[in-house]
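Chemist: In case you want the letters, here they are:
4 protein chains.
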Amino acid sequence: MRYLTAGESHGEELLGIIEGLPSGLEINLSKINSMLATRQQVYGRGSRSSLCPDTAEIRSGVYGGKTTGAPIAVAIKNGSCGAGEFDFFRPGHVDYAAAVKYGYDSPWLGAERASARETAIRTALGSIALMLLGQLGITVNATGTQVGNAVDECNPLELSEDMKREIDVAGRSGDTLGGKIKVSISGLKAGFGSHVHFDRRLDGILAGALMAIPSVKAVEVGLGVDFACAKGSEVADILIYQNGKIVRKSNFGGGIEGGISNGESIAFTLTLKPIPSIAGLPTVDSGGNACLTGKVRGDVTAVPAACVVAQAAAALALCEVILDCLGGDTMEEIKDRYGKKG
Amino acid sequence: MRYLTAGESHGEELLGIIEGLPSGLEINLSKINSMLATRQQVYGRGSRSSLCPDTAEIRSGVYGGKTTGAPIAVAIKNGSCGAGEFDFFRPGHVDYAAAVKYGYDSPWLGAERASARETAIRTALGSIALMLLGQLGITVNATGTQVGNAVDECNPLELSEDMKREIDVAGRSGDTLGGKIKVSISGLKAGFGSHVHFDRRLDGILAGALMAIPSVKAVEVGLGVDFACAKGSEVADILIYQNGKIVRKSNFGGGIEGGISNGESIAFTLTLKPIPSIAGLPTVDSGGNACLTGKVRGDVTAVPAACVVAQAAAALALCEVILDCLGGDTMEEIKDRYGKKG
Amino acid sequence: MRYLTAGESHGEELLGIIEGLPSGLEINLSKINSMLATRQQVYGRGSRSSLCPDTAEIRSGVYGGKTTGAPIAVAIKNGSCGAGEFDFFRPGHVDYAAAVKYGYDSPWLGAERASARETAIRTALGSIALMLLGQLGITVNATGTQVGNAVDECNPLELSEDMKREIDVAGRSGDTLGGKIKVSISGLKAGFGSHVHFDRRLDGILAGALMAIPSVKAVEVGLGVDFACAKGSEVADILIYQNGKIVRKSNFGGGIEGGISNGESIAFTLTLKPIPSIAGLPTVDSGGNACLTGKVRGDVTAVPAACVVAQAAAALALCEVILDCLGGDTMEEIKDRYGKKG
Amino acid sequence: MRYLTAGESHGEELLGIIEGLPSGLEINLSKINSMLATRQQVYGRGSRSSLCPDTAEIRSGVYGGKTTGAPIAVAIKNGSCGAGEFDFFRPGHVDYAAAVKYGYDSPWLGAERASARETAIRTALGSIALMLLGQLGITVNATGTQVGNAVDECNPLELSEDMKREIDVAGRSGDTLGGKIKVSISGLKAGFGSHVHFDRRLDGILAGALMAIPSVKAVEVGLGVDFACAKGSEVADILIYQNGKIVRKSNFGGGIEGGISNGESIAFTLTLKPIPSIAGLPTVDSGGNACLTGKVRGDVTAVPAACVVAQAAAALALCEVILDCLGGDTMEEIKDRYGKKG
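Residue numbers (this note's numbering), protein chains in the order written: chain A, 1 to 342; chain B, 1 to 342; chain C, 1 to 342; chain D, 1 to 342.
Okay, chain A solo, but in the shape it has when bound:
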């Protein structure tokens, strides 16, 4: 399984091609669109997302509602949301680094592709991955657990009152907030990923995929940073034999040992930086002159929307690992093979 995405923030459309999926996977377009809607309708988003509701179009690879095994092309048309041009390098954005790398005259050209807008198509592809995982009884979820100083656990469409208040306060002062997201994978059997080569370790693969989400600046597995102060004897996930199978008394490790899933739930925590789009910050323009940033985009925090993206990214990465392990030309084969695992 492999995939590529294309498309700019203010281009005609976003496109994704995913290749290597089996035939016979039922594709539910309304599930994709519902996931896209969740990504857009969360609290604290600026005006753009409300104006241009995302709708996925399947352009190939599906016949009679099921995949054929051929590459699946998915598109999301961009609405007419006005131009994205600006002439200053925004701190925390790709603007400067992209201009250096690609020789852009204009600070905004890199932003067209670096924009979180790209995550819409990744979400659509991730939604397909979730459907495949769902057929195996595997679910991937992501919930917001912190927005600014408000700590809670809530799904992206139902932020706690504390979180909303944080967002409102920051938004009124023209500021932005970071936060945390918990990504959980349930129903994954033991034996996925591998210790035999470092680049096949499930923790490394998932961490790489999750860190590649815009604004994510930390990725933790299980106890994560809290392992630093713990004693080994306090955080051992003791094995016991219970009702005919081996289980754990705890899951500090987050479901991965030696780079392989151990049958417990997988648990990742992501930290997001505050969205760096803030007006009035001192910076330089494309001519190297000091200036202030203007307002480019209006979200206060990426946490709720990034929950959806993290769910998608984790699903895609996991799906790839599972298909490497199971192979399979048809969904039926894959289900049969997964059923015999563990």
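Take the hints with a grain of salt, since some may be wrong.
If you anchor each label on the Cβ, the simulated ranges turn out as follows [stated by the list, open to error]: (1) B:Gly288 - A:Lys340: 14 to 22 angstroms; (2) D:Glu153 - C:Gly287: 36 to 44 angstroms; (3) C:Gly79 - A:Lys164: 50 to 58 angstroms; (4) A:Gly137 - C:Gly79: 40 to 48 angstroms; (5) C:Arg2 - D:Gly298: 39 to 47 angstroms.
Derived DSSO-like pairs (lysine-lysine); straight-line CA-CA distance at most 30 angstroms [claimed, not checked]: (6) A:Lys245 - A:Lys189; (7) D:Lys340 - A:Lys66; (8) D:Lys340 - A:Lys341; (9) C:Lys335 - B:Lys340; (10) C:Lys189 - C:Lys340; (11) D:Lys231 - D:Lys249; (12) A:Lys182 - B:Lys231; (13) C:Lys335 - B:Lys341; (14) A:Lys295 - B:Lys245; (15) A:Lys182 - A:Lys249; (16) C:Lys245 - C:Lys341; (17) A:Lys340 - D:Lys189; (18) B:Lys295 - A:Lys189; (19) C:Lys341 - B:Lys340; (20) C:Lys341 - B:Lys66; (21) A:Lys66 - D:Lys341; (22) C:Lys66 - A:Lys77; (23) D:Lys231 - C:Lys295; (24) B:Lys341 - C:Lys340; (25) C:Lys182 - C:Lys164; (26) D:Lys341 - D:Lys189; (27) D:Lys249 - D:Lys182; (28) A:Lys182 - A:Lys231.
Note that these hints are calculated values from the structure, not bench results. A virtual CB, placed ideally from N, CA and C, is assigned to each residue, including glycine.
Using the hints provided, position chains B, C and D relative to the given structure of chain A.
Modeler: Frame of chain A, contents of chains B, C and D only:
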């Protein structure tokens, strides 16, 4: 650039093949061995490492002290350090998951390859990557910043007294400790990695490589988890034009924006879990019977040794990104091309 | 550089995403369309191609007529050319093997993706690769050299009278013809591809790409099959020093030695089988009952159209090899680096 | 599955690491050595091969005679066969192109890695692939079918008298010969490879691997070049339903349709150029001065030895395709999954 490693903890030797390096890179074998020695001689390691000093042998790809462009094979012979067999599943190790995956009868067979012993050969390959980076003026460093409750910053061979005391206390009680490591990359110009496709983002690539180090459970870039509570206006890395070039007033972001190096130092923080090898933990044996873990290996904390491994892993991952961007058949070409960057 | 294509023969559109091209490459849409037109307007094609003229649309990755470094999405809309359903397994087509592999009930479902229709989008992407190569002074050409028993060398739009006669005769009898194509690469400097690892050999890479074109059944380099009877002394490409550089007195080897371009023209010869779409052949239907094939598609020979596809496929494969060697974020860098080669 | 090889012709040893094989595959070292011996003991080889009998050593990845799933390292020590230095560019060898690419001062340095010596380790890895395929009932064979003007079909150790005579005559005159090899794969079920993306087509993959064998200059599938003159109606592989399954009345296509195995035997034909190592050819030396080639190596024809290499290369490429399709952590799983195919 690509590489594979092979070899078991108690096998004949560890082997690595690295392919895709340019010709004309000077290989300093004593630098490799000195890095291997650092990995072994750190405080808090058990008896094995002192008995079997690691020495790298270059078996191909180098002529007259310089690379030829052909694959470089590196080997490290294993000393005769006794067998590694045991019959219980150790919590926090690959034992159980590997047995399920590969159908092993014996809990110890997975450990042969999952053992941190493999990181010796990754260190040797990483040392070669460091030599290439060094030719471009890029350095990669890793220092211990926390062991248990002792917080300090020190290189792996010179732990602070506090850290040593933590290790001694834990060791005497048969317990183990986690901690933190800071990985820094200096001298890297702006423009490496890319925002144009998620899997080319430098932060994702480095995070994936670092999370794939045994015992690493969290990877942070820049401020990392501390971004969660920060306001956007507080953590913006303001751009200014100074002495003819654009620089930053701060580096909260850790040197990467939009997945591309921005010319500032790259800063990652890793959290390690306590080494899970503890005697006397309740567990089950290969027959599913309750038992206690025996003592398998003697280190108290992985922090100092993992500094060396993290330095190697980061160097390898970065080297791959740089060679993707620069191409190059000869070291001379690569230096010339890097010189023109930025 | 990497790319994926998607789309079915009778689907909405064909799509391709190419990722990893530099910024600053001028994209000439009319050149793409002209190449698509050549692929369609050749002698001996059936009715479909004339009804639905292919037009490429660039949907991302290009701004102001130049690439930005972001993934380029290209689409070709399918005209309404009627359905492609049939219920018999055609010899020489993917029908049976695809049905077994993907569990299709219908013999025509595999054909939707295996159809030479897919080569239209590969041609569009190849046209972009040709533009990049053109900037380096490298040209890739493909000419028909045999159709049935008519042997000549002619470009795909100007078949010789003998060839046309062969096509007319075969067409009238409802039969089809194979033939040969010569693929030539000029202007490529010495040093591309590598002997150091088998999968980096330029001959293997090009042969793999060219054999993956529908109907191609043989790939030869230089003298190809005629090497079998030759003596070593007769086919040595003698080196001489002339006007300050080393050149050859002959080019039996086809421009590649040890898997590396040697500065001479690259020469491949492809053999195509007759198009297997013939009506009235005995076969079986999806129920396993004996039946006869019906008419599905109307071309007599693939030779002229496949010239265009071979040109595209060779250009894409070569472009990938060159970018691996040169790296490069901008077209300017790539030109500078290529200029210093050899 | 992936693998890397390393080692020079006159270096210490050849090394290969193969990663991604399942656990539980029985490794028969004497089969590897017997394949290595066949590669060496064929008719028409020079003195080197007789002096240094190749013996494989398994250095990792195997326990108790079976694979563990960990990377398998294989080594073949080089005997002391004298130096390989020379100072002239040999036509038909990598010497000139490698010197240009890697900046070598010496014409012989490229030859150290480009030498057919490397195929010994590829043979050893291929032998392991053959064992895996053998467990699935798949065999890969290669026989010489032409040496110079002598046409026959014989296994590499039992050349026909005509072939030997050709070799003797050429050898006495200091000349060399090319020839042809037939590679056959039996027992492969329908459904391997895929039409859905060009780079997954089995014919392209095998052709790429076979063309990457030193001296191979043409690769044909099925009728190959003879398709050029054939009519479609003459070469259709008619499907019939017989004894409960669909079979073919002929196999002109060589067992692959639309890039997928169709259940018939796979048949490839390779053409090898004469070994280009001939003394007394005019050429230039490293200073650009005209000179004559000296004698570097003594084989008259590569055909018999290349049979073994082709068998190995085809087995490795096929094994990779099969494992992509079947996945599988253990040999037992793979056998079960293959059994359910078709």
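Chemist: Given the hinted pair Lys182 of chain C and Lys164 of chain C, is their Cα-Cα distance within 30 angstroms?
Modeler: holds, 18 angstroms
Chemist: Just to be careful, I want the Cα atoms of Lys295 of chain B and Lys189 of chain A compared with a cutoff of 30 angstroms; is the pair within it?
Modeler: holds, 29 angstroms
Chemist: Does Lys245 of chain B sit within 30 angstroms of Lys295 of chain A, going by the straight-line distance between their CA atoms?
Modeler: Satisfied, since the Cα-Cα distance of roughly 25 angstroms is no more than 30 angstroms.
Chemist: Within 30 angstroms, alpha carbon to alpha carbon, are Lys341 of chain B and Lys340 of chain C?
Modeler: holds, 16 angstroms
Chemist: Next pair to validate is Lys341 of chain C with Lys66 of chain B; report whether the Cα-Cα distance is within 30 angstroms.
Modeler: Within the cut-off at roughly 21 angstroms; holds.
Chemist: Against the 30 angstroms threshold, does the CA-CA distance of Lys182 of chain A and Lys249 of chain A hold or violate the hint?
Modeler: holds, 21 angstroms
Chemist: Against the 30 angstroms threshold, does the CA-CA distance of Lys335 of chain C and Lys341 of chain B hold or violate the hint?
Modeler: With a Cα-Cα distance of about 15 angstroms, the restraint between Lys335 of chain C and Lys341 of chain B holds, given a limit of 30 angstroms.
Chemist: Quick one: are Glu153 of chain D and Gly287 of chain C within 36 to 44 angstroms, going by C-beta?
Modeler: holds, 40 angstroms
Chemist: If you draw a straight line from the CA of Lys66 of chain A to the CA of Lys341 of chain D, is it 30 angstroms or shorter?
Modeler: Holds: Lys66 of chain A and Lys341 of chain D sit about 21 angstroms apart, inside 30 angstroms.
Chemist: Cβ-Cβ distance between Gly288 of chain B and Lys340 of chain A: within 14 to 22 angstroms?
Modeler: holds, 20 angstroms
Chemist: Tell me if the beta carbons of Gly79 of chain C and Lys164 of chain A are separated by a distance inside 50 to 58 angstroms.
Modeler: Given about 52 angstroms between the Cβ atoms, the range holds.
Chemist: Does Lys182 of chain D sit within 30 angstroms of Lys249 of chain D, going by the straight-line distance between their CA atoms?
Modeler: With a Cα-Cα distance of about 21 angstroms, the restraint between Lys249 of chain D and Lys182 of chain D holds, given a limit of 30 angstroms.
Hint compliance for this structure: no hint is broken.
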